[in-house]
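**Student:** From first to last, the protein sequence lines are chains G and D. Number 38 in numbering that gives the first Met the number 0 belongs to position 39 of the first sequence; there are no gaps in the numbering. Number 378 in numbering that gives the first Met the number 0 belongs to position 379 of the second sequence; there are no gaps in the numbering.
Honestly, the hints are just simulated from the structure, not real lab data. Hints are all accurate, no fakes.
Ranges of calculated distance between the beta carbons of each label pair, as one might list FRET restraints:
| no. | chain 1 | residue 1 | chain 2 | residue 2 | range |
| --- | --- | --- | --- | --- | --- |
| 1 | D | Pro30 | G | Val295 | 54 to 60 Å |
| 2 | D | Asp271 | G | Lys35 | 48 to 54 Å |
| 3 | D | Ala270 | G | Leu52 | 49 to 55 Å |
All of these numbers come straight from a predicted model, not from anything done at the bench. Just so it is clear, CB atoms sit at the ideal spot from N, CA and C, and this is done for glycine as well.
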Amino acid sequence: MASDLHDMGVAQLAAKLRDKEISAVEIAQHFLARMKAHASLGAFLATDETATLAQARAADARIGAGESTPLLGVPIAHKDIFATTDFPTTAGSKMLAGYRSPFDSTVTAKFADTGMVCLGKLNCDEFAMGSSNENSAFGAVRNPWDAQRIPGGSSGGSAAAVAARLTPAATGTDTGGSIRQPASFCGITGIKPTYGRASRYGMVAFASSLDQGGPMARSAEDCALLLSAMCGPDLYRDSTSLDVPAEDFSGQLNQGVAGLRIGIPKEFFGEGLAPDVRAAVDITLSQFEALGATLVPISLPRTELSIPVYYIIAPAEASSNLSRFDGVKFGHRAKDFTDLADMYKKTRAEGFGDEVKRRIMIGAYVLSHGYYDAYYLQAQKIRRMIADDFQQAFTQCDVIAGPVAPTVAWKLGEKSDDPVANYLADIFTLPASLAGLPGMSLPCGFGEGGMPVGLQLIGNYLQEGKLLNAAHQFQLNSDFHTRKPGGLA
Amino acid sequence: MSKLVQGYEVVIGFETHAQLSTQSKIFSRAPTAFGAEPNTQACAVDLALPGTLPVMNKGAVERAIEFGLAVNAHIAPRSVFARKNYFYPDLPKGYQISQFEIPVVQGGSVEFFLGDDKKSVRLVRAHLEEDAGKSLHEDFIGQSGIDLNRAGTPLLEIVTEPDMRSSEEAVAYAKELHKIVTWIGICDGNMQEGSFRCDANVSVRKPGGALGTRREIKNLNSFKFMQQAIDFEVRWQIEQIEDGLAIQQATVLFDPDTGETRAMRTKEDAADYRYFPDPDLPPLVVVPEWVERVRSGMAELPRVMATRFVADYGLPEYDATTLTQSKAMAAYFEAAAKACGHPKLASNWVMGEVSRRLNAEEAAIDKAPVTPGQLGAVIARIADGTISNNAGKQVFEALWSGEGQDVDAIIESKGLRQMNDSGALEKIIDEVIVANPDNVAQFRAGKDKAFNALVGQAMKASKGKANPQQVNDLLRKKLA
Numbered sequence: 000m001a002s003d004l005h006d007m008g009v010a011q012l013a014a015k016l017r018d019k020e021i022s023a024v025e026i027a028q029h030f031l032a033r034m035k036a037h038a039s040l041g042a043f044l045a046t047d048e049t050a051t052l053a054q055a056r057a058a059d060a061r062i063g064a065g066e067s068t069p070l071l072g073v074p075i076a077h078k079d080i081f082a083t084t085d086f087p088t089t090a091g092s093k094m095l096a097g098y099r100s101p102f103d104s105t106v107t108a109k110f111a112d113t114g115m116v117c118l119g120k121l122n123c124d125e126f127a128m129g130s131s132n133e134n135s136a137f138g139a140v141r142n143p144w145d146a147q148r149i150p151g152g153s154s155g156g157s158a159a160a161v162a163a164r165l166t167p168a169a170t171g172t173d174t175g176g177s178i179r180q181p182a183s184f185c186g187i188t189g190i191k192p193t194y195g196r197a198s199r200y201g202m203v204a205f206a207s208s209l210d211q212g213g214p215m216a217r218s219a220e221d222c223a224l225l226l227s228a229m230c231g232p233d234l235y236r237d238s239t240s241l242d243v244p245a246e247d248f249s250g251q252l253n254q255g256v257a258g259l260r261i262g263i264p265k266e267f268f269g270e271g272l273a274p275d276v277r278a279a280v281d282i283t284l285s286q287f288e289a290l291g292a293t294l295v296p297i298s299l300p301r302t303e304l305s306i307p308v309y310y311i312i313a314p315a316e317a318s319s320n321l322s323r324f325d326g327v328k329f330g331h332r333a334k335d336f337t338d339l340a341d342m343y344k345k346t347r348a349e350g351f352g353d354e355v356k357r358r359i360m361i362g363a364y365v366l367s368h369g370y371y372d373a374y375y376l377q378a379q380k381i382r383r384m385i386a387d388d389f390q391q392a393f394t395q396c397d398v399i400a401g402p403v404a405p406t407v408a409w410k411l412g413e414k415s416d417d418p419v420a421n422y423l424a425d426i427f428t429l430p431a432s433l434a435g436l437p438g439m440s441l442p443c444g445f446g447e448g449g450m451p452v453g454l455q456l457i458g459n460y461l462q463e464g465k466l467l468n469a470a471h472q473f474q475l476n477s478d479f480h481t482r483k484p485g486g487l488a
Numbered sequence: 000m001s002k003l004v005q006g007y008e009v010v011i012g013f014e015t016h017a018q019l020s021t022q023s024k025i026f027s028r029a030p031t032a033f034g035a036e037p038n039t040q041a042c043a044v045d046l047a048l049p050g051t052l053p054v055m056n057k058g059a060v061e062r063a064i065e066f067g068l069a070v071n072a073h074i075a076p077r078s079v080f081a082r083k084n085y086f087y088p089d090l091p092k093g094y095q096i097s098q099f100e101i102p103v104v105q106g107g108s109v110e111f112f113l114g115d116d117k118k119s120v121r122l123v124r125a126h127l128e129e130d131a132g133k134s135l136h137e138d139f140i141g142q143s144g145i146d147l148n149r150a151g152t153p154l155l156e157i158v159t160e161p162d163m164r165s166s167e168e169a170v171a172y173a174k175e176l177h178k179i180v181t182w183i184g185i186c187d188g189n190m191q192e193g194s195f196r197c198d199a200n201v202s203v204r205k206p207g208g209a210l211g212t213r214r215e216i217k218n219l220n221s222f223k224f225m226q227q228a229i230d231f232e233v234r235w236q237i238e239q240i241e242d243g244l245a246i247q248q249a250t251v252l253f254d255p256d257t258g259e260t261r262a263m264r265t266k267e268d269a270a271d272y273r274y275f276p277d278p279d280l281p282p283l284v285v286v287p288e289w290v291e292r293v294r295s296g297m298a299e300l301p302r303v304m305a306t307r308f309v310a311d312y313g314l315p316e317y318d319a320t321t322l323t324q325s326k327a328m329a330a331y332f333e334a335a336a337k338a339c340g341h342p343k344l345a346s347n348w349v350m351g352e353v354s355r356r357l358n359a360e361e362a363a364i365d366k367a368p369v370t371p372g373q374l375g376a377v378i379a380r381i382a383d384g385t386i387s388n389n390a391g392k393q394v395f396e397a398l399w400s401g402e403g404q405d406v407d408a409i410i411e412s413k414g415l416r417q418m419n420d421s422g423a424l425e426k427i428i429d430e431v432i433v434a435n436p437d438n439v440a441q442f443r444a445g446k447d448k449a450f451n452a453l454v455g456q457a458m459k460a461s462k463g464k465a466n467p468q469q470v471n472d473l474l475r476k477k478l479a
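Make the full structure from the sequences, and use the hints.
**Tutor:** Structure below.
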């Protein structure tokens with residue numbers, strides 16, 4: 000009985016807790032043990048049994064008092080980008096090694112308020128910059144489907160932990176695909192909501208105009224439960240928070256897909272798309288047709304431009320956001336220095352990894368006098384055009400579908416010396432990020448090496464319910480999301 | 000025509016940082032009070048802890064709108080916050096949030112009198128920004144302390160066109176601006192605490208020539224230093240040019256001890272601030288309804304009040320402008336004028352005797368020991384002939400020193416009542432005529448001075464209690 004616990008999703012665990020078949024403490028203990036047994040995956044950066052069990056006991060007390068909220072007592076783990084008081088917050092960087100935030104992020108506080116029990120903090124690319132999780136200062140994360148492969152990034156720890164059933168739920172953040180791509184690579188379900196839906200307060204900033212938190216779990220049903228809890232206005236702490244009330248996404252899951260117009264952007268199915276990924280995506284799309292949806296050919300003509308646009312805007316914002324890591328107030332400070340400038344230089348040279356430094360330099364360059372107009376301003380213009388292209392497309396369709404990434408997860412080290420190859424692999428997730436649209440990834444098959452393939456769904460603003468419904472309908476008729484990595488007990 | 004210095008025309012523009020009088024900071028909820036223990040008024044947002052975000056303080060925006068309305072500026076319906084990126088230990092985020100390309104207040108002007116000349120200085124803009132913290136170098140050996148209490152304090156940076164042509168005009172502008180911001184209550188105006196800091200851009204040129212290269216004098220925190228600094232800077236620049244040397248664009252500091260300015264950094268060291276719109280803050284949208292709401296809540300502005308003083312009280316424009324130097328002074332004048340019914344006399348007294356005493360004691364008008372009602376009573380007694388103007392001053396003095404409270408009682412106790420008994424006065428005048436035959440003769444020969452001497456003698460004989468006008472009239476009648 001207890002051995003099945005980790006195979007249960009959020010909804011199932013919540014039901015068992017409500018029915019008092021099991022306690023939150025028992026569930027937490029089970030997952031804590033499992034996390035230890037699979038520590039070699041490198042998914043967790045921080046755990047604290049005492050803190051976790053204290054939260055579980057508090058949840059049990061609430062259940063005992065007759066409370067029955069949908070997520071009460073269910074475990075979750077948070078990407079180490081979210082500030083938490085109970086666990087250190089490092090953003091995967093040496094710069095913040097051991098840093099303890101004096102406040103909780105809005106998102107993690109909301110989950111805590113619903114009574115979810117935090118299992119710990121999850122590994123990620125340093126400051127969420129990367130698509131393989133190899134940029135973490137605290138070591139790579141291994142893909143549970145193949146330990147020699149990357150889990151994707153930057154929310155690689157989140158995806159690996161959920162896929163390996165070390166936690167039923169995790170938070171991720173997505174700036175250019177950091178929820179969707181690792182979800183795809185690890186065969187789980189993840190959604191990045193509309194920019195502004197989930198508060199950014201307490202998320203260590205990478206690129207402010209793009210960063211957005213979202214849930215990662217095994218099913219769309221679970222993601223709907225989690226997303227309902229994490230969204231909602233936070234106007235007094237995050238000026239970019241949307242003044243849109245929280246929604247019950249779970250209540251929007253059983254609407255069928257008959258008549259749903261699914262836009263298929265031809266630019267997502269070009270030469271760069273690996274045949275195995277294409278095959279899995281194509282089959283899935285025909286299954287949607289079988290369920291009553293119609294496929295509508297559309298065009299997102301500036302898809303390719305999203306790469307240079309993103310790799311100008313995101314580094315520009317990052318170069319400024321990361322200026323606060325200067326050794327003065329918190330975080331790493333170089334031990335020996337001669338003067339202030341030397342302190343800055345050494346602190347930042349020691350504290351940041353290569354990819355972060357690369358992006359800071361790119362960002363500083365594109366914002367510098369004489370280059371701003373040519374790069375940053377131009378990129379902003381094209382960004383608006385990309386958003387307009389989507390609006391054009393949504394006149395013809397309700398959701399857009401395509402691959403999440405051109406390939407399945409690659410081997411550890413395979414692209415680590417080639418940043419541009421990494422950047423190019425973001426091509427299908429960047430457009431929705433630049434437009435601020437909701438996007439999700441759901442498992443839709445397997446490709447080369449038996450690695451999972453994800454289908455990406457992109458919706459119009461605030462249409463998360465539509466995406467989750469479509470994904471749920473597919474999951475009612477498929478079992479990819481319930482498959483377990485081979486070799487995992 | 001502007002005043003020339005050694006044949007050079009002086010050109011001055013101002014940038015003023017007015018600290019806005021909000022309770023909390025511009026992008027956080029931490030308090031703004033001055034003088035607290037270091038780092039006790041800085042919250043997570045002010046410390047730039049990871050994950051913190053700025054949220055606009057509406058009170059700061061409203062103060063900017065009030066300023067814009069006070070100087071007849073355009074209130075931008077949409078303005079943008081940008082990040083000014085540079086590294087400094089007291090700048091916690093590594094960038095300052097400031098309005099760069101599109102400020103909230105655009106244009107406008109500040110009008111004031113320089114002597115009898117009415118001047119108008121055009122404003123380019125006024126924009127919202129956050130202050131930095133403070134580096135404390137004195138209290139530590141081999142280290143610097145950082146106090147972030149001030150970090151995130153709201154500032155309005157007010158920028159003029161290079162419209163001023165002398166240090167006197169610059170100081171008059173600064174005083175007028177100081178008056179406006181304190182009048183409308185958006186800034187406490189405390190220059191010592193840094194609530195009102197001026198930077199002066201100074202250049203010189205031959206009349207009609209192109210603008211000279213400017214040097215910016217930073218952080219002028221008193222009107223006295225302002226004038227000294229500009230005067231020194233002007234002389235220095237002229238000397239340089241006369242010596243055949245070019246002026247380098249630079250930022251300079253004024254040292255009050257030496258009375259000199261010295262360069263801090265030149266244009267070559269100018270940093271590239273990599274400005275870009277702050278993605279954490281959406282554009283600031285000010286709808287017309289908001290502007291109107293702010294306008295309707297504002298007190299009467301000084302220039303509107305001055306116009307009213309001219310229209311309602313028949314005051315000269317100079318008086319009206321002077322009396323509206325501060326809200327308290329204007330209120331004091333109005334109360335005194337109403338109490339006596341003689342606005343021009345009240346104006347003379349407030350600008351004269353009252354101001355003189357306040358200046359001597361370096362006191363504010365709301366601390367004046369003589370109430371406007373008492374002053375009005377003094378003026379009324381002068382106007383109705385009960386006492387002379389000089390006696391009025393004695394009464395005022397007695398009120399000021401606390402010798403008495405009631406005007407009529409003071410008049411009586413000091414015996415200041417004018418001689419109204421025409422029989423007694425006639426007797427004095429007759430005696431004066433008899434005792435001063437020379438003066439009488441000279442007057443009859445057409446010398447007016449001799450008449451004045453006779454009036455003086457009569458006043459003296461009455462021990463000052465005679466009404467001078469009455470003495471005048473009687474003397475002329477008797478000598479006719």
